[in-house]
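K.L.:
Starting from the given sequences, assemble the full structure and let the hints guide the process.
Just so you know, the protein sequences line up as chains A and B, in that order. With the working numbering applied, the first sequence covers 44 to 477. With the working numbering applied, the second sequence covers 44 to 477.
Be aware that a few hints might be false.
Treat identical chains as interchangeable: a pair holds within one or across any two.
Listed below are the simulated BS3-like cross-link pairs for lysine-lysine, each with C-alpha atoms no more than 25 Å apart in a straight line [said to hold, decoys possible]: (1) K116 with K56; (2) K336 with K246; (3) K355 with K49; (4) K271 with K198; (5) K109 with K290; (6) K380 with K78; (7) K78 with K284; (8) K336 with K236; (9) K116 with K424; (10) K75 with K308; (11) K198 with K406; (12) K406 with K75; (13) K278 with K162; (14) K436 with K267; (15) K424 with K54; (16) K198 with K78; (17) K380 with K436; (18) K428 with K56.
FYI, nobody ran anything at the bench for these hints, they're computed from the structure.
2 protein chains.
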Amino acid sequence: MAAKGKIEPRKLKGFWELMPNEQALFSDLLEKLEKVFKQNCFVPLDTPILEYSDVLLAKSGGDVDKEIYRFTKGDTDMCMRYDLTVPLARFVSMHQNELNFPFKRYQIGKVYRGERPQKGRFREFYQCDADIIGDGELSLVADAECVSLFEKCFKELELEVRIEVSNRKILSGYIEELNKSNKATEIFIILDKLDKIPLEDAKAELAELGLSNAEQEKIINLTKNTGKIEEIVKKLRNFCKNPTFQKGLDEFEELAQHLAAFDVKCVVGNLGIIRGHNYYTGTVFEGFLKDGKEAVGAGGRFENLCGYFSEKNMPGVGMSVGITRLFSILTQNGYFKENATDADVSIITFDDTLHAGLNLMTKLRDCGVRADCLYEAKTFKAKMKEANRRNAKYVLIVGEDEVRENLYTLKDMQTSQQEKLKFEDLVKKFTKNA
Amino acid sequence: MAAKGKIEPRKLKGFWELMPNEQALFSDLLEKLEKVFKQNCFVPLDTPILEYSDVLLAKSGGDVDKEIYRFTKGDTDMCMRYDLTVPLARFVSMHQNELNFPFKRYQIGKVYRGERPQKGRFREFYQCDADIIGDGELSLVADAECVSLFEKCFKELELEVRIEVSNRKILSGYIEELNKSNKATEIFIILDKLDKIPLEDAKAELAELGLSNAEQEKIINLTKNTGKIEEIVKKLRNFCKNPTFQKGLDEFEELAQHLAAFDVKCVVGNLGIIRGHNYYTGTVFEGFLKDGKEAVGAGGRFENLCGYFSEKNMPGVGMSVGITRLFSILTQNGYFKENATDADVSIITFDDTLHAGLNLMTKLRDCGVRADCLYEAKTFKAKMKEANRRNAKYVLIVGEDEVRENLYTLKDMQTSQQEKLKFEDLVKKFTKNA
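P.N.:
Structure follows, in structure tokens:
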């Protein structure tokens with residue numbers, strides 16, 4: 044409630060906002076991912092959050108999904124971006140003659156979807172994408188590079204990941220073989236929810252689309268193929284002669300060879316990986332934490348990024364780390380053990396040593412120690428109380444004797460043990476790389 | 044122009060967007076500033092870009108400036124933030140019982156102002172703020188900490204900065220002495236543009252506000268005081284007995300002592316520093332690059348951050364680096380010498396060494412070398428052409444012999460000199476800390 048005559052301070056519902064310690068941990072997470080992207084020769088992109096509505100809605104032919112934040116200002120009809128892919132397509136189309144292809148970019152940014160807020164769903168949240176865009180064509184090596192990049196992201200976070208990979212052409216080819224290509228989208232939607240609905244319901248839905256009992260069994264069984272990619276391919280070579288199906292197997296096999304060259308270890312074949320997005324046309328993958336059932340990221344190959352904006356054919360392959368979800372899983376699992384915002388050491392001064400304490404703090408910070416002088420609390424007692432309230436691990440007492448002798452009293456607040464240290468030894472104690 | 048049946052890909056006017064190399068440099072800049080903030084025990088904050096309109100516009104009593112992006116979705120009236128200060132006030136007011144005070148936070152984020160686009164002015168641009176908020180009161184040490192932080196930001200960027208500092212109470216006190224406190228805002232506006240308009244015009248405007256000739260002279264001369272803070276204070280002690288004026292001198296003098304404790308070197312007193320914002324009430328400062336006349340950042344002390352939201356008194360002091368302007372100055376000045384997106388080395392393979400090349404690339408990347416295998420170009424010749432087009436500095440040729448001997452041919456593309464190197468020596472050559 045607001046105080047009298049005041050506006051009640053409140054945040055929009057469904058918008059993510061973290062407290063400082065969580066925010067510091069989240070920002071460390073992003074920093075690590077950025078490091079991986081840069082290390083792997085992906086370049087950063089940062090597009091505006093607002094775009095012309097006709098550009099952002101090109102895909103839907105101008106139809107506005109009710110989830111989208113759209114408004115006009117002056118004569119301009121604009122939207123807040125709902126993903127990072129359409130802005131990438133717009134950027135690549137605009138600059139197709141200036142960019143180096145394959146164009147490898149990453150982007151970490153906020154996107155907006157005005158859906159009903161619910162647990163784990165936000166109206167403003169981060170996406171973290173990396174894509175490789177080709178000019179005209181793009182080798183399957185790029186698919187392997189994206190899977191490898193995805194694996195490296197989790198390695199950098201010291202998390203065990205399991206990447207389940209498929210190739211959409213395999214199922215597409217079999218659907219072609221059944222003469223059901225006109226129903227492909229509906230069939231994929233059913234196959235995508237096999238682990239969420241009873242088998243009988245799935246079969247009934249497939250029957251409605253005209254698949255016989257035998258065909259239902261066969262296509263469902265096809266999605267149950269999991270294991271080493273090479274073995275799945277070997278097993279299915281004679282399953283179906285359809286050329287798309289065979290091309291899917293060829294690509295799947297070639298991908299496995301490239302993945303080996305990239306030293307990718309955490310990958311397994313799983314034809315049950317569908318990916319909701321209709322635009323994936325080849326490789327698709329999802330990543331799971333050890334024992335996890337909810338994907339923490341995904342990716343895949345698409346035929347043409349820029350179809351709405353340009354006549355040039357620009358195939359691509361991308362990966363996305365679900366950082367909002369990942370962060371919430373990691374927070375629940377106790378992955379973050381330390382308080383990221385805590386100072387290394389809190390400095391406590393007396394009336395006549397404030398400046399000596401501030402100077403010591405400055406010099407410690409210059410050497411990489413996160414020292415913080417508790418200058419706000421007035422008395423020694425109040426300062427010690429403040430240090431306790433902040434859960435300070437170490438307190439450095441700067442009295443007249445200490446300053447004179449250049450020998451400071453460091454108190455371990457957990458053990459209550461004290462030791463006298465010179466400046467140089469303080470730096471050594473608190474810098475990790477010393 | 045759009046191709047037939049296509050949407051023309053275009054970006055909203057006045058919205059900032061960088062090409063990959065510039066973006067990589069800009070993101071390095073932000074990374075360095077973040078490092079400084081963290082090192083100095085400031086914690087990150089990341090508030091939503093959208094806020095309730097009544098919250099964001101609390102200051103103006105709900106009046107909407109035409110610059111503000113405001114719209115409704117469903118029943119919700121919301122705005123895009125136009126600065127990072129109001130969201131900070133909202134956050135601090137909401138969480139005043141959970142936060143540690145003094146609360147030291149930094150935030151780097153996009154803000155929105157729908158002003159007419161012009162050179163150097165954008166509708167979407169970054170702000171980079173760091174503030175210290177007190178609970179009830181806040182020591183002048185915090186002012187010095189902000190000035191020190193500002194200096195360290197530029198030190199980290201290896202830029203020479205000159206910080207010009209004043210204390211608003213000095214001029215306010217003199218205006219009080221003249222019995223013109225009710226005209227203080229107008230007087231400050233005139234004094235703030237002394238270096239932009241002819242002196243006679245300024246005097247005429249001051250005369251309109253009721254200042255005598257002698258008073259005009261005196262107040263204008265007051266703003267001309269520059270130099271060592273202690274000397275300005277000494278010189279002005281007997282200038283005026285007004286208690287606010289004297290308090291301003293006391294604070295100014297105390298600040299100088301704190302600044303010395305923080306080892307701040309690049310600071311100079313200048314009573315001509317006004318700062319447009321009406322809410323600054325004590326220390327104010329602006330930062331300039333060597334010989335620069337346009338401020339590249341600024342800051343100051345304000346009496347109460349949260350007055351619109353809370354009955355608690357929360358004084359604060361902050362600093363802001365004008366990163367959009369700074370980046371454009373640095374780009375023009377040739378500060379950025381390298382192409383940030385270039386790979387360290389481009390790998391060229393033959394038909395039968397693709398996988399060996401990819402594996403070598405993977406292993407080099409794992410060791411911190413930004414190696415990139417040109418897998419898209421088909422022939423050796425096309426790959427060399429591609430390396431040239433990308434201005435590759437080094438090309439690593441991976442042929443059958445190289446793989447067999449584990450000895451790779453590295454070609455310096457500038458000198459055309461070649462040498463044969465083992466994997467370990469390649470790593471040494473391309474990692475900075477080796």
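K.L.:
Checking against the hints above, which ones are violated?
P.N.:
Violated: hints 5, 7, 9, 13, 14, 15 and 18.
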